[in-house]
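Engineer: Same order as they appear, the protein sequences are chains A and B.
Under this note's numbering, the first residue of the first sequence is numbered 1, with each subsequent residue one higher.
Under this note's numbering, the first residue of the second sequence is numbered 1, with each subsequent residue one higher.
It is possible that some hints are incorrect.
Copies of the same chain look alike in the list, so a pair counts if it fits in one copy or across any two.
Straight line, CA to CA, 25 angstroms or less: simulated DSS-like cross-link-like pairs of lysine-lysine [said to hold, decoys possible]:
#1 316 to 271
#2 238 to 353
#3 271 to 238
#4 238 to 356
#5 334 to 238
#6 353 to 334
In short, the hints are calculated from the structure, not lab data.
There are 2 protein chains.
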Amino acid sequence: MLAYNEEVIDVSDNINDRLKWLASFGERKDVGITRLLYTDSWLKAQQALATWMKQLGLNVYYDDVGNLFGRLEGKNPLAKPILTGSHIDTVKHGGMYDGSYGIVAGILALKTLMEREGEPERSVEVVSICEEEGSRFPFTYWGSKNIVGETIKEDVSELRDEEGISLLEAKNRLGFTSKLTTRKKKDVSAFIELHVEQGIILEREKLDIGIVEAIVGQRRFNVRLHGEANHAGTTPMKYRRDAVRGAGKLIDHLMEMADDYGEPLVATVGKIEVLPNTPNVIPGEVSFTIDVRHPEVEVLEAFCDHFYNEFYTISKRCNLQIEITRWMESEPVKMAPELNEKILEVCLHKNIKYKKMISGAGHDAQVFSKYYPATLLFVPSQQGVSHSPLEYTDERNLQIGINVLTETLYKLAYKGERT
Amino acid sequence: MLAYNEEVIDVSDNINDRLKWLASFGERKDVGITRLLYTDSWLKAQQALATWMKQLGLNVYYDDVGNLFGRLEGKNPLAKPILTGSHIDTVKHGGMYDGSYGIVAGILALKTLMEREGEPERSVEVVSICEEEGSRFPFTYWGSKNIVGETIKEDVSELRDEEGISLLEAKNRLGFTSKLTTRKKKDVSAFIELHVEQGIILEREKLDIGIVEAIVGQRRFNVRLHGEANHAGTTPMKYRRDAVRGAGKLIDHLMEMADDYGEPLVATVGKIEVLPNTPNVIPGEVSFTIDVRHPEVEVLEAFCDHFYNEFYTISKRCNLQIEITRWMESEPVKMAPELNEKILEVCLHKNIKYKKMISGAGHDAQVFSKYYPATLLFVPSQQGVSHSPLEYTDERNLQIGINVLTETLYKLAYKGERT
Chain A
1 MLAYNEEVID VSDNINDRLK WLASFGERKD VGITRLLYTD SWLKAQQALA TWMKQLGLNV
61 YYDDVGNLFG RLEGKNPLAK PILTGSHIDT VKHGGMYDGS YGIVAGILAL KTLMEREGEP
121 ERSVEVVSIC EEEGSRFPFT YWGSKNIVGE TIKEDVSELR DEEGISLLEA KNRLGFTSKL
181 TTRKKKDVSA FIELHVEQGI ILEREKLDIG IVEAIVGQRR FNVRLHGEAN HAGTTPMKYR
241 RDAVRGAGKL IDHLMEMADD YGEPLVATVG KIEVLPNTPN VIPGEVSFTI DVRHPEVEVL
301 EAFCDHFYNE FYTISKRCNL QIEITRWMES EPVKMAPELN EKILEVCLHK NIKYKKMISG
361 AGHDAQVFSK YYPATLLFVP SQQGVSHSPL EYTDERNLQI GINVLTETLY KLAYKGERT
Chain B
1 MLAYNEEVID VSDNINDRLK WLASFGERKD VGITRLLYTD SWLKAQQALA TWMKQLGLNV
61 YYDDVGNLFG RLEGKNPLAK PILTGSHIDT VKHGGMYDGS YGIVAGILAL KTLMEREGEP
121 ERSVEVVSIC EEEGSRFPFT YWGSKNIVGE TIKEDVSELR DEEGISLLEA KNRLGFTSKL
181 TTRKKKDVSA FIELHVEQGI ILEREKLDIG IVEAIVGQRR FNVRLHGEAN HAGTTPMKYR
241 RDAVRGAGKL IDHLMEMADD YGEPLVATVG KIEVLPNTPN VIPGEVSFTI DVRHPEVEVL
301 EAFCDHFYNE FYTISKRCNL QIEITRWMES EPVKMAPELN EKILEVCLHK NIKYKKMISG
361 AGHDAQVFSK YYPATLLFVP SQQGVSHSPL EYTDERNLQI GINVLTETLY KLAYKGERT
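This is chain A alone, in the form it adopts within the complex:
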């Protein structure tokens, strides 16, 4: 990669100061932080993190796509390392906690362990993952998928950003052209990702830590109803084939069904399009999206089958034609119970108010979880705001998250507690 100046920057290792410092490596033309993969601000952020990690005494390296690792070497060369960290890239106009918190928290946890406990039994690595969001190129989890080797099977040569620059060109331009390490990253004993919740559950329930048991699977659909556009004044109710009337009934029914299935199932109708969309014309066509999420594939499929059936029945009764298209699906992922057990012990020992919960959003941990024990730890997000300059978590909660991570890593790397 490009040369950079390893200047020592005088920043205290307080979590808030370090988050602000990391946020300073981002474009701020408008509002929020924008740090897209392989941009200048992204490179500067990785380089600054590398410098900081070196200063703390970690062994620093990049892999061939730009994931940045800081390794605290353990005594036992045969013990597989423990990995912690999160993603360095942001959405456009994002906040300073999403992703960044997990990286800074991981470095601070390693710093505390080094200072307090010295050399671990098992190596611990903190990773600043180069891409999770897919904000510049249409490809999510690029960083973590490279770590586990999944991208080898995928053809990414055609991926381009909005300006037509290809993903591989952008990568090569920064010097990430060859494998800089021979470490097999599949050979890891555990991955722990600390992240802001990006939801409102912990805040509403006045809890400090979320121990994630599963990341939901998702199904997305488009529902299109065909009726008959007609005059709003001259068409009696009994002769109508009103697509909006049908949509209202279907949406209401879907939501009642979601309530009946109960937590953690969620269903959302986020987008509606009406034709012709004029006050005095009965709409002849409506389409709307459905997003359904649940951590168990059986429940997810059962719910989807159920609403399919109900929708066909109701549409027929309303004399409307219906087309349902499934255009996105991602499978649910279980987090490692043995890791969650360690985290739970830490919470109980430290008297921290925790909740075993589900993540409704995707995270790098789900990519890792196919290859080794992986889990996800949440701290509260104020009002659930995320992917916004307004995202916020107070310092107390940020610190509790770091403490739980530190103690969990201690158990795994120093105490020889095998997962």
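Put chain B on the given structure of chain A with help from the hints.
Structural biologist: Chain B in isolation, oriented as in the chain A frame:
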């Protein structure tokens, strides 16, 4: 007005031939017929009608805004004339029946009466009303409102078309600058408008004539629901304030209420806007329109009060804020029972399948009805299509309409049957 060439055009007086002939005076750049007020094609159409009327032996005159009259003089100068006719202007890309049919049918009815019965007791006039639709200028019923003198009270000096040409300028440019007649048009004994239904009732019920008892009143509303935009994955159902969910419930409820009130009440939600309108975000705001119509003001108001109350209750239960704005209202209008009685007699005598019905759309007859007995006669519209190049009524039905009009005018003008 501008001079014109009174050339004799060789067109048969078959209804279809005359409708096609009248349709030829219209811009046909794209599809359908466009004949907007005070345009060249509009003027040519009025002039052609005037020539035809003169050829048939009617006394022809324009009033000061361009309404064209053809008068069959009666024997009794003290008897107030009977008026029939409809509007000559079209919507943009309209069909050849809307408005035009009533004018051509009126002329053909007078032709038949003259030929068959000679001079009537009471004068009969056919009127080609210069503007009903308001397609060029934002003002509906300009022609009929001028006939009854209503526009005197309104300031129309600021009305302009899309190109910035003012209504009054456009009128004056064609020479309609002063009163060309001293006849007081308020002094009329009856007005009968024959029109295509623009709805599907007569066709569905296999009937030939609709005798309109009332034109509906209308109320239009905008309903805005405020909830809370949030992440579709990380927000449990119980913590949501989902504006689309609320809208679905309200729309479904409104439609059930409309069914419960029964015919002839109609309610339509024609337009919906969702914010942010993205598949994976719970919508924080939705607005939708409501159009409600009924021929009785008490029922109309009762329904609106009823849904207002229900909407506030349901929104509160859904934890959504609601704003309802009434942005349009027009009052119901009763057609003259004494005229409808005559029409009914004609239908019964001629064994014509009729229906006493409500008009869900507005017509010139509603303007006249405030000043003298006025009514509206419908013939079927194929599939209810209107304001479209596809509008169609078959020749048999067009002829039945003319026959009923002719016999009704005969009763009123020749037989001395007072209304």
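Engineer: How do residue 353 and residue 334 come out at 25 angstroms by Cα distance, when the copy is not named: within, between, both, or neither?
Structural biologist: within (22 angstroms within a copy, 71 angstroms between copies)
Engineer: How would you classify residue 238 and residue 356 at a CA-CA limit of 25 angstroms: within, between, both, or neither?
Structural biologist: So residue 238 and residue 356 pass the 25 angstroms test across copies only (18 angstroms; inside, 52 angstroms).
Engineer: Reference check for the pair residue 238 and residue 353, CA-CA at most 25 angstroms: within, between, both, or neither?
Structural biologist: Between copies only: 21 angstroms across chains, 57 angstroms inside a chain, cut-off 25 angstroms.
Engineer: Regarding residue 316 and residue 271, is the shortest C-alpha distance of 25 angstroms or less found within a copy, between copies, in both, or in neither?
Structural biologist: both (23 angstroms within a copy, 23 angstroms between copies)
Engineer: State whether the alpha carbon distance between residue 271 and residue 238 is at most 25 angstroms within one copy, between copies, both, or neither.
Structural biologist: between (28 angstroms within a copy, 20 angstroms between copies)
Engineer: Given a CA cutoff of 25 angstroms, do residue 334 and residue 238 count as a within-copy pair, a between-copy pair, both, or neither?
Structural biologist: between (50 angstroms within a copy, 24 angstroms between copies)
In this structure, every one of the numbered hints holds.
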